[in-house]
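Protein sequences appear in the order of chains W and V.
If you're matching positions, the first sequence starts at 1 in full-length UniProt numbering and goes up one per residue.
If you're matching positions, the second sequence starts at 1 in full-length UniProt numbering and goes up one per residue.
Keep in mind that the hints were calculated from the coordinates and are not lab data.
Keep in mind that this is a model prediction, so the values were computed, not measured.
Each hint should be verified, as a subset may be incorrect.
One copy or two, it doesn't matter: identical chains are merged, so the pair holds either way.
[Said to hold, decoys possible] Mimicking PhoX-like on lysine-lysine, the simulated pairs with C-alpha atoms at most 25 Å apart in a straight line are:
(1) Lys104 x Lys460
(2) Lys466 x Lys79
(3) Lys460 x Lys334
Protein chains: 2
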Amino acid sequence: MSSQPIRIVVIGGSAAGPKAAAKARRLDEHAAITIIQKEADLSMASCGYPYYAGGVFDDRNLLICTPAGIVRDSGFFEKAKRIEALVLTEALSIDRAAKTVTCKHLPSGATRTLPYDKLVIATGATTLYPSVPGADLEGILSLHSLEDADALRAVRDAKQVRNAVVVGGGLIGFEVCEALHLAGIQTTVIEKTAAILPFLDAELSKLVANYVRTHGADIIKGNGVAAFLGEDGKLTGVKLDNGTELPCELAVVAVGVRPNATLAAAAGLTIGALGGIAVNEFMQTSDPDIYAGGDCVECTSLISGAKVRAPYGDLANLQGRVIGENLITEGSAKFPGVTHTGICKIFDYTVGFTGLSAEQARAAGMTDIETVTVAGLDIPGYMNGKLLVSKMVADRKTGRVLGFQCIGPGDVSKRVATMAMAIRGQLTIADLANADLPYAPPYSLALDHVIVCAHVMENKLLGRMKGISVTEVKARVDAGADCFILDTRTPREFEEQRLGIGETLIPQGALRARLNELPPDKDREIIVYCAISLRGYECAAILQGYGWRNVKVMEGGVAAWPYPRER
Amino acid sequence: MSSQPIRIVVIGGSAAGPKAAAKARRLDEHAAITIIQKEADLSMASCGYPYYAGGVFDDRNLLICTPAGIVRDSGFFEKAKRIEALVLTEALSIDRAAKTVTCKHLPSGATRTLPYDKLVIATGATTLYPSVPGADLEGILSLHSLEDADALRAVRDAKQVRNAVVVGGGLIGFEVCEALHLAGIQTTVIEKTAAILPFLDAELSKLVANYVRTHGADIIKGNGVAAFLGEDGKLTGVKLDNGTELPCELAVVAVGVRPNATLAAAAGLTIGALGGIAVNEFMQTSDPDIYAGGDCVECTSLISGAKVRAPYGDLANLQGRVIGENLITEGSAKFPGVTHTGICKIFDYTVGFTGLSAEQARAAGMTDIETVTVAGLDIPGYMNGKLLVSKMVADRKTGRVLGFQCIGPGDVSKRVATMAMAIRGQLTIADLANADLPYAPPYSLALDHVIVCAHVMENKLLGRMKGISVTEVKARVDAGADCFILDTRTPREFEEQRLGIGETLIPQGALRARLNELPPDKDREIIVYCAISLRGYECAAILQGYGWRNVKVMEGGVAAWPYPRER
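Pulled out of the complex, with its shape left as it was, chain W reads as follows (with noise of 0.2 Å):
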């Protein structure tokens, strides 16, 4: 250590910044390291911003403190870390031949150059905001910054505001929606595109609408904001693209965010297609000496091969933690890239989801592929087990697993996080048809759901199992396409509530001595169901038995079905 410390500069003080900034004074006691951070504050917990402005917890310093209650501040990262924390700074310009940065303190307007030897870029990334009319009406608001989070929770202390506007329905803009309904805002979430969260297929979207609308939300689909409305300056409505107005004093813009690659452009480093920052799997900009990571960067997936955004706070973190490494130990640490994991709860619906849905499988050429959807409980019924409905992807020729959505209310999260790792390990149909997962009543079925659905993923690309979409088959119905539908569940189950399409109900049970009611032309098309399939399934089974060539299965029966039903 008589050399000289390396010099370390991290623009960026929120996730990867300050990740990779405390990972490299882990490493070297020595290094001379600064973090430039624009805002006020330092290693903001920025996930948990939707559940303060919700009111989920209401200490604000749990946002900006550590476990034992310490505040991240400069003065935090002095003592515990001996880092130098520039904050209300902003970095204005790098030079790369003379290996500086200046930044300018915004308060005082001063201007320091510093000089490194490696930098860090983790400039983050910025809310979109729509470029309509009124987009500077007091009552627009977003949930980026912790002052956003501040203005969100004060609207929920004023309980001034009644209604309500999310502007996107992604993840972000549904978290929003679940503070705004538990500060008791009535709120509507307007989606341009066909169809909320869009890492999910067609069915399981309309799912969680259907849940949203029922439990609280309006959704409005396939309609995006033509201009803010107001009065005074003031926020007094939304319209919409088909002209519709909706009143409302406060709107909060969920549409996605950009990366925030200008300064790195300026200073003439490689940018993306997609217009983040382009990085090497070791998180290394073009410019070897210049690391990048977080919102602002563009990263590999590691199913499709292909550059992706995926700005989330785990992999910010993680890729920090790859950047320090690599500050002190050129080459020592890879970020190999992501498997488009994610999660949102919404009301006590979860929604989560991994690897590729079937729609971006096939966008990314994947032709050949195979989808079931599958629904069932978490644990036993007699432990009060809750619906998950899941739809996995799998490429057919390997059977290799390409992606697993799953919503509910049940365990979601547990299932995907099983899959996710799965995908990591390329794992195939035939290796989750075994998987020896931990099994006891409070936790899982006997077989749980993931396994379930490999099972039933195995019985298609078998070809012992023929399934057919809720929505395929809602649009025959429409049609008036000429199909037998059988709905072999109890007649309890069919009093209480059936779909009311035109189907013959046969519980399973009476189903091989009722054959006589089936359709004699055994190459007709007969649609078999249940409440999950499971016994549609067994019957389909049956009737293939019995001659029946055309028999389909609606995958997750009437669990999975998001049409208006009959009772």
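With chain W held as given, fit chain V onto it using these hints.
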């Protein structure tokens, strides 16, 4: 289908048997399938017995009904599955040359000989009882059959028993312990060996024991049952190996099970060294026309390659499915083996494990392993996160994860399922260190607990962190070793609770300014910790940076300390 239908006979009607039968039926509507079941019921949800006995639910029918509420009796099997189920019928012998099974209807004594083309043996296992005096006293139960569950439930409902002893500190023992506790019965668990829950390493096993003792049940370790004591034929107490007498009106035996392999052995089938029926990966016995699955067989460990016994309900179902496929299409399905995954709820704690413990790995000849013990929250503190304490085991050379144990009030089940899949995928620590898991504050920390475990492991494998277990620290302290023990928490944390092992408090933020309080001898052993040893690790890095050469982090920190604490 003009040929003679295949004749399938299945011996055993609990889990693997009915699953094999039902799967075979789905693949061949015309097969003749018969189940021979010694007990009165079929397809019982036997893993639910502790929860029925403990009053988690009251409707006994839930244990023997389909989710739609139909009792899974012979009539159901006939109508829904066209499977003949002979209940209260015992298989007496197998004639492999004639390909017949002779069975006896127990109530009538009538015998019958059934011809088979393919036979399935799913005879399960029998509860072991300690062969000690008094074992025939009234008041000694087990929890294996539905009758046992009824008996234990009757104990609860009668409210007569005040003191009970559970013999055996494994999974079932603690499930029974919880059920008795819920019934308001003062319970003592007796374990013959030195540690409860033998799939856990000692540190975690001790933490569970501490928890159970402070939450309503007693545990006596290293002491077996010498005799059951009684008066008038009724149990009045248990005498231990060391002479202690525990008064109790109820004893529940849960010391393990023995595979029911006598029928198979009498038929000349190969029995494994562990007493289970030997099967290949198709679940085929030494007679290719006879399959076996469930608690009566031995399986292959996917980690060590060794033969093991794994009497779990989920595996029985998986094996039954594989058998069902092979009955109809020989050689079409494989059960590759197990990864030693299990889980158990004990009051508000969960105990889970997958892969090998350090002790098991060493016993299997894997000597070049590394372990880490990590404590942390499952979700953020501001979301009311709960503690997890885990131990991860990895192969030092390849970095491959070999095992994971996790305990605590937090969401253990998710982490064990995640790691079970990681182990199934043969993932390495490097893979885990950048895992893309579902993150949102209701479900996880930004860096999930399992990722943090991988990070700590990586630090140890790379020699950046030297760890020391709480067990070793305690031994050092008890031996009066000349080590300097450093607690790096805040004064407030220290005031609330401290270990009292001669430690010096220097909060992390003050460490660099107080280096003069550290031992001047840079080779002296320094042991550092904090609440969970994250700050402890950072402080160890600081001390190493200033030249101390023998700094060790006490893994898991205060949260993993299973010995008495001050205050």
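Here's how the hints hold up against the structure:
1. In this homomeric assembly, lysine 104 and lysine 460 never come within 25 Å of each other (Cα to Cα): the closest approach is 61 Å inside a single copy and 40 Å across copies.
2. Taking the shortest Cα distances, lysine 466 and lysine 79 sit within 25 Å of each other only across copies (24 Å), while inside one copy they are farther apart (64 Å).
3. Taking the shortest Cα distances, lysine 460 and lysine 334 sit within 25 Å of each other only across copies (18 Å), while inside one copy they are farther apart (38 Å).
The structure is inconsistent with hint 1 alone, although it conforms to all the rest.
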